[in-house]
Amino acid sequence: MVNSCVSLYRSNTMEFGNSSTANGSVSGSVSPKTLSVLIVDEDPIIRRTNIALLNRFGLQINVAENGKEAVDLYSAGAYFDIVFMDMEMPIMDGPMATKEFRNMGVTSMIVGLASRSLDSEIHEFIGAGLNGCHVKPLNNAKITSVLQELIASIY
Amino acid sequence: MDRVDQPKKQLVDYRNLLFHEGILDEQFTQLQQLQDESNPHFVVEVVSLFFQVSLRLLNELDKVFDQQNVDFKKVDSHVHQLKGSSSSVGAHRVRNACIAFRNCCNEKNIEGCLNCLQQVKQEFYLVKSKLETLFKLEQQILAADGPTSSD
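Chains as they are written, first to last, in my numbering: chain W, 1 to 155; chain S, 1001 to 1151.
Just so you know, the hints here were simulated from the structure itself, not pulled from any lab data.
Treat the hints with caution; some may be incorrect.
The calculated BS3-like cross-link candidates involving lysine-lysine, where the alpha carbons are at most 27 Å apart (straight line), are [unchecked claim]:
{"id": "1", "chain 1": "W", "residue 1": "99", "chain 2": "S", "residue 2": "1073"}
{"id": "2", "chain 1": "S", "residue 1": "1073", "chain 2": "W", "residue 2": "68"}
{"id": "3", "chain 1": "S", "residue 1": "1074", "chain 2": "W", "residue 2": "99"}
Since we're looking at a predicted model, the values are computed, not measured.
Start from the sequences, fold in the hints, and give me the full structure.
Structure follows, in structure tokens:
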């Protein structure tokens, strides 16, 4: 199901590039767009595990160790289709980074990953501008659900 | 039973026991499923990282409680990280011990925290020992005849 979701995304978000032919006319070439993901988590174990999990889905993966690093990436011009944002991090936590992203006009899908189960804290995190929130740890089912939501939001 | 089947059965039984005793949970199975030809040592790498990070955090916790005034914010931060890491590798009892620890920390109960720290250490060293035995069994099978089954 997930592979078909990712394939559908790729087939419907083609990037067109131009190249000159021998007689001077321009022809278009088509390449599928790979979904890009940013994992934001201070824990190296969680980053390593999530990289391995997300690799299975054929996604382009980047990491940041805290919210500030993630914000700095966007400030430098980076863009990611999905951001998996940890809730508790040093320097800049998930809710703060999410608010910052939305204030910057970032439209990426931001999915919170919380280890706390207190409703008030998760509500606050969601209220910061998340598209969704899951309890850690990330797994295949949760990733599938996120990808399905992303595809559904596009179409 | 030939010389490869017996150790393989021993490995499977040992692994099942760790799940049955609640030392490991489903998350460890998820890690094993991530191991493949492109990532042949994934489980050992991640678990080794878990050992490294946990030992550092336990050391930091000892230092915090050696201080005259306990910085509960620091304690909470370290235990939070330990809980997350243990959860990620499926170290179920370590994770549960961390949850209890955080509750004591929220109550600023020093004695409770010290007891919880002992409990976390106990569970950590137990899972460390068990996983090291598990990896040794896997190595023995690899040495005897080819890669192990991940079932």
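Verification of the hints:
1. With a C-alpha separation of about 24 Å, the suggested pairing of residue 99 of chain W with residue 1073 of chain S holds against the 27 Å cut-off.
2. At most 27 Å may separate the alpha-carbon atoms for a hinted pair to count; residue 1073 of chain S and residue 68 of chain W meet this at roughly 21 Å.
3. Of the pairs offered as hints, the one joining residue 1074 of chain S and residue 99 of chain W holds, with about 25 Å between alpha carbons and a cut-off of 27 Å not exceeded.
This entry satisfies every hint, going by the numbered hints stated previously.
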